[in-house]
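**Student:** As a plain string of letters, each chain reads:
Protein chains: 2
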Amino acid sequence: MSKQDYNTIAKRMMDIKYMSNAVSILHWDSKTYMPPKGISQRGAQISILSRNIHELFVKPENGRLLDSCIKKSDELSEVENRNVELWKRDYDKATKLPSDLVQKLSNQQVLTENLWEEAKERSEYGLVKPEIKKLIELTKEKADRLNPEQNQYDTLIDIYEPKVTAEQITKYFTPLKEAVIKLVKKCEGQCDRDIMGIDPDMLSVECTQQQQQKLANFLMEFIGLNPEKSRLDTSEHPFTTGYANDVRITTHYLENDPMGSFYSVLHEAGHAIYELNLPQEHLWTPVGDTVSLGIHESQSRFIENIVGKNPTFIEYYYPKVLDMIPGFRKKSVSIEQFVRAINFVRPSKIRIYSDEVTYNLHIILRFEIERDLFAGKITVDDLPQVWNEKMDEYLFQEIEEDREGVLQDTHWYGGAFGYFPTYSLGNIYGGQMLHAMQEQIPSWKQMIARGDFQIIRNWLIENVHQKGSLYDPSDLIENISGERPKPQYFIDYMNHKYDKIYGF
Amino acid sequence: MSKQDYNTIAKRMMDIKYMSNAVSILHWDSKTYMPPKGISQRGAQISILSRNIHELFVKPENGRLLDSCIKKSDELSEVENRNVELWKRDYDKATKLPSDLVQKLSNQQVLTENLWEEAKERSEYGLVKPEIKKLIELTKEKADRLNPEQNQYDTLIDIYEPKVTAEQITKYFTPLKEAVIKLVKKCEGQCDRDIMGIDPDMLSVECTQQQQQKLANFLMEFIGLNPEKSRLDTSEHPFTTGYANDVRITTHYLENDPMGSFYSVLHEAGHAIYELNLPQEHLWTPVGDTVSLGIHESQSRFIENIVGKNPTFIEYYYPKVLDMIPGFRKKSVSIEQFVRAINFVRPSKIRIYSDEVTYNLHIILRFEIERDLFAGKITVDDLPQVWNEKMDEYLFQEIEEDREGVLQDTHWYGGAFGYFPTYSLGNIYGGQMLHAMQEQIPSWKQMIARGDFQIIRNWLIENVHQKGSLYDPSDLIENISGERPKPQYFIDYMNHKYDKIYGF
Chain E
8 MSKQDYNTIA KRMMDIKYMS NAVSILHWDS KTYMPPKGIS QRGAQISILS
58 RNIHELFVKP ENGRLLDSCI KKSDELSEVE NRNVELWKRD YDKATKLPSD
108 LVQKLSNQQV LTENLWEEAK ERSEYGLVKP EIKKLIELTK EKADRLNPEQ
158 NQYDTLIDIY EPKVTAEQIT KYFTPLKEAV IKLVKKCEGQ CDRDIMGIDP
208 DMLSVECTQQ QQQKLANFLM EFIGLNPEKS RLDTSEHPFT TGYANDVRIT
258 THYLENDPMG SFYSVLHEAG HAIYELNLPQ EHLWTPVGDT VSLGIHESQS
308 RFIENIVGKN PTFIEYYYPK VLDMIPGFRK KSVSIEQFVR AINFVRPSKI
358 RIYSDEVTYN LHIILRFEIE RDLFAGKITV DDLPQVWNEK MDEYLFQEIE
408 EDREGVLQDT HWYGGAFGYF PTYSLGNIYG GQMLHAMQEQ IPSWKQMIAR
458 GDFQIIRNWL IENVHQKGSL YDPSDLIENI SGERPKPQYF IDYMNHKYDK
508 IYGF
Chain F
8 MSKQDYNTIA KRMMDIKYMS NAVSILHWDS KTYMPPKGIS QRGAQISILS
58 RNIHELFVKP ENGRLLDSCI KKSDELSEVE NRNVELWKRD YDKATKLPSD
108 LVQKLSNQQV LTENLWEEAK ERSEYGLVKP EIKKLIELTK EKADRLNPEQ
158 NQYDTLIDIY EPKVTAEQIT KYFTPLKEAV IKLVKKCEGQ CDRDIMGIDP
208 DMLSVECTQQ QQQKLANFLM EFIGLNPEKS RLDTSEHPFT TGYANDVRIT
258 THYLENDPMG SFYSVLHEAG HAIYELNLPQ EHLWTPVGDT VSLGIHESQS
308 RFIENIVGKN PTFIEYYYPK VLDMIPGFRK KSVSIEQFVR AINFVRPSKI
358 RIYSDEVTYN LHIILRFEIE RDLFAGKITV DDLPQVWNEK MDEYLFQEIE
408 EDREGVLQDT HWYGGAFGYF PTYSLGNIYG GQMLHAMQEQ IPSWKQMIAR
458 GDFQIIRNWL IENVHQKGSL YDPSDLIENI SGERPKPQYF IDYMNHKYDK
508 IYGF
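Protein sequence lines correspond, in order, to chains E and F.
Numbering-wise (our numbering), the first sequence opens with residue 8 and increments by one.
Numbering-wise (our numbering), the second sequence opens with residue 8 and increments by one.
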């Protein structure tokens with residue numbers, strides 16, 4: 008009977024996954040082609056659909072079916088048992104929260120996020136402070152409801168990165184922080200534009216949107232995004248959405264910044280090949296889905312940074328860029344200068360404009376603040392000051408305005424605590440994957456030096472994408488590399504790469 | 008308490024309307040931007056969402072709420088009572104059909120439509136005949152279930168054109184048929200290309216897609232489709248979708264046929280301004296929705312034909328076309344020739360390529376066949392022969408292949424019986440609207456002669472769009488014109504127009 012119960016619950020859960028996927032297409036539409044005045048009816052549509060999906064999901068009968076499957080797990084296959092485990096995990100999360108708390112949280116999130124926009128514009132943290140206080144209280148209540156036995160911040164992290172704790176992250180981030188600060192100082196010494204003749208502004212050249220689109224299409228082909236299953240559009244902020252046989256990425260074409268859209272396309276393409284290459288036979292079930300934000304981010308950063316900013320790949324693509332963006336020819340930037348400009352390391356105030364190295368400090372700073380906030384070591388009142396102090400200590404930046412500081416990102420004001428660390432976890436995972444891949448494909452750099460991405464792509468498909476959610480993130484990393492996640496591989500990768508580029 | 012029940016049912020029904028609208032956006036996406044391999048997951052999404060919408064709609068509690076509202080109708084406003092009436096009408100339709108019949112019908116429709124594609128390709132009616140027989144039997148059962156007291160075909164017509172019967176349509180179509188055949192014969196005498204120097208092939212000129220797009224944008228502006236609430240894209244077959252503040256039309260750009268997309272844009276724009284100008288205060292309820300296919304078609308045909316093919320409008324736009332489509336200059340087509348070419352009347356075999364006049368004969372033929380089929384006067388076996396005989400009699404066309412005959416349209420094979428007459432009802436309604444408008448705005452032709460569509464547009468908004476579904480189609484026509492629908496105004500319009508163009 009357990010098999011029959013499994014089939015029943017699987018059918019229900021797959022329907023829900025199909026419906027959620029439909030909602031993400033509606034979201035995509037609202038960011039790409041929807042006429043602007045359609046926004047309020049689209050909001051209503053998405054909220055009504057989401058509520059209906061939630062109601063279908065939390066039906067008590069689903070809980071009974073899942074429990075029945077768990078009781079007779081010996082009648083189910085390994086994959087089926089894993090699906091039951093993951094459905095149950097989400098079912099528990101969805102049913103443990105009383106609906107009035109869900110409602111209050113959702114309202115508070117919308118309110119706080121809207122107010123944050125104004126606060127950021129006016130650079131006035133005080134404006135949003137009373138609301139984010141309330142939001143954090145509600146978020147703590149949520150964490151307690153989800154798991155009264157666990158510390159709150161760990162419960163929140165688990166939403167985005169299953170089975171990873173603040174303690175583990177602290178262990179990863181402490182040596183990472185040390186290594187990055189050391190590397191940044193080294194680079195700072197060398198990166199002075201007067202000494203090295205490298206200047207990231209040399210990447211700013213006149214170009215049309217058509218030229219940038221041409222470049223983007225070249226990348227889509229290089230990565231091997233099947234045009235029968237994917238597409239590229241423009242939106243204000245780049246993102247990836249979709250699943251299985253319909254995965255879509257977006258980019259934005261900024262004035263005089265062709266390499267901006269170039270790397271945003273590579274980043275989103277990394278997300279997209281993950282969604283496109285999940286195990287066919289398990290699609291629409293958890294095992295046939297991506298496993299965590301950290302692993303997702305490892306894929307986008309692997310393509311954007313490890314492959315995309317590798318000097319041998321840059322040497323391969325630079326002549327093509329010169330052809331497609333004639334503005335570069337006029338500047339007569341040498342390939343050496345270009346490689347260094349793409350890999351320029353320079354501390355800055357804004358996370359989303361930071362480089363591959365300093366990016367981690369932006370994340371570590373946010374993680375430490377979140378952790379200490381939920382541990383009660385700091386309060387909402389302290390946030391701007393703590394932010395600014397850490398910015399000074401880690402990135403040598405003096406923050407003068409909250410809009411460049413504690414107000415710069417939307418995450419917290421939308422209630423996403425525990426989300427930030429997944430970005431650097433992605434880097435750490437990616438470094439460890441690179442280490443494993445390098446052993447199996449020692450010639451990977453020669454391949455990208457001639458524009459051949461297929462073997463690397465297949466390696467990622469086989470080792471990451473095809474595993475879906477069969478393993479929790481840390482187990483997946485262990486499967487791939489033989490070791491639990493550790494930051495040393497990513498640190499080694501950075502040190503080795505920048506050593507070579509800057510010749511310390 | 009009735010007021011409270013009204014609010015409860017209104018909330019539920021509005022949620023359902025929002026969800027259905029979301030489904031139509033997913034459908035639009037599948038015809039415009041969806042990567043081709045996304046088709047099967049999109050099919051699953053739409054079917055799952057539709058089933059969920061259906062389940063929410065047919066809940067017994069909804070029936071109880073509606074009955075309670077009907078019992079205490081004196082506590083509700085006129086609009087509220089009308090909403091209740093229309094919700095109840097649809098609720099009864101949805102609940103009277105046993106779910107196994109719905110399932111059987113849906114399966115048989117898909118099967119028959121797929122087989123029709125092959126049958127049409129091979130021009131072999133026999134291939135699809137056994138399946139369409141079954142489909143018609145199931146459709147008859149559906150009609151009996153919906154209304155056991157009414158004759159089946161009337162019940163089917165009522166789905167698309169509420170409160171209109173086959174007897175009424177016969178009364179409209181009999182004089183229309185006679186008048187059209189007479190007019191076609193007159194035109195045939197005059198339209199000979201050797202005598203009049205008019206040749207519809209003169210509209211075939213070399214042009215790029217960009218040039219056609221420019222023309223389409225000019226029309227969007229002329230009609231006044233607000234770009235904040237609407238958009239134009241390309242798809243294989245032109246269509247309109249959306250509602251309220253987000254209404255989208257599509258067209259297709261055919262080679263060397265700029266006037267093809269020109270008139271398809273005008274047609275769809277006519278549908279679009281209806282959806283865009285429904286009464287704001289009643290949106291998402293039936294009163295704030297379009298009333299019938301016939302009235303919808305009256306709007307598209309009013310813009311496409313009555314306005315769009317009026318000689319004074321053609322005189323206005325022709326210089327612009329000459330500028331935007333340089334190919335026309337090379338052909339040195341005079342304005343008189345161009346007006347006649349746009350309004351060329353020539354019997355043909357294919358409905359969708361036929362002109363404003365003969366189009367009605369294509370519809371009348373289909374209506375008569377449907378009517379006689381459901382009355383048992385002819386059988387599925389007779390269809391090709393009856394089709395071909397009527398084609399010969401009304402349109403003087405000898406049908407040699409079923410693909411040009413009984414297999415040309417998808418409607419019947421998808422189970423849409425009772426749908427075809429709404430096309431010519433749209434013409435008849437449009438003619439009657441024109442008559443009423445002409446009395447109130449005698450100078451309408453001078454207005455379009457100078458490219459001013461605003462007053463006509465406002466007249467349509469005020470008299471048609473803003474009425475939503477407050478009245479059934481025939482009542483709406485009576486409200487506008489003071490008379491029940493009758494074909495004479497459309498007949499007069501045609502005779503007068505073609506008299507002037509061809510100078511009989």
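Incorrect hints may have been included.
Identical copies go unnamed one by one, so any copy, or any two together, can satisfy a pair.
[Said to hold, decoys possible] Once the Cα atoms are required to be at most 25 Å apart in a straight line, the calculated DSS-like pairs of lysine-lysine come out as:
1) Lys384 with Lys78
2) Lys193 with Lys140
3) Lys10 with Lys493
4) Lys10 with Lys474
5) Lys18 with Lys111
6) Lys66 with Lys18
7) Lys338 with Lys327
8) Lys236 with Lys44
9) Lys178 with Lys397
10) Lys44 with Lys221
11) Lys337 with Lys316
12) Lys44 with Lys474
Hints in this document: simulated from the structure, not taken from any laboratory.
**Student:** Hint by hint, note whether the structure agrees.
**Tutor:** Verification of the supplied hints:
1. Lys384 with Lys78: Neither: 43 Å inside a chain and 63 Å across chains, both beyond 25 Å.
2. Lys193 with Lys140: neither (40 Å within a copy, 82 Å between copies)
3. Lys10 with Lys493: This pair counts as neither: shortest intra-copy Cα distance 39 Å, inter-copy 64 Å.
4. Lys10 with Lys474: Only inside one copy: Lys10 and Lys474 sit 23 Å apart there, 55 Å across copies, limit 25 Å.
5. Lys18 with Lys111: Classified as between; 21 Å across copies, 31 Å inside a copy.
6. Lys66 with Lys18: Close inside one copy (14 Å) and across copies (22 Å); limit 25 Å.
7. Lys338 with Lys327: within (15 Å within a copy, 44 Å between copies)
8. Lys236 with Lys44: Between copies, since 5 Å is at most 25 Å while 29 Å is not.
9. Lys178 with Lys397: Answer is within: at 18 Å inside a copy they meet the 25 Å cutoff, but 84 Å across does not.
10. Lys44 with Lys221: For Lys44 and Lys221, the Cα distance is within 25 Å only across copies (24 Å; inside one copy 31 Å).
11. Lys337 with Lys316: within (23 Å within a copy, 54 Å between copies)
12. Lys44 with Lys474: Classified as between: cross-chain Cα gap 22 Å, same-chain 42 Å, threshold 25 Å.
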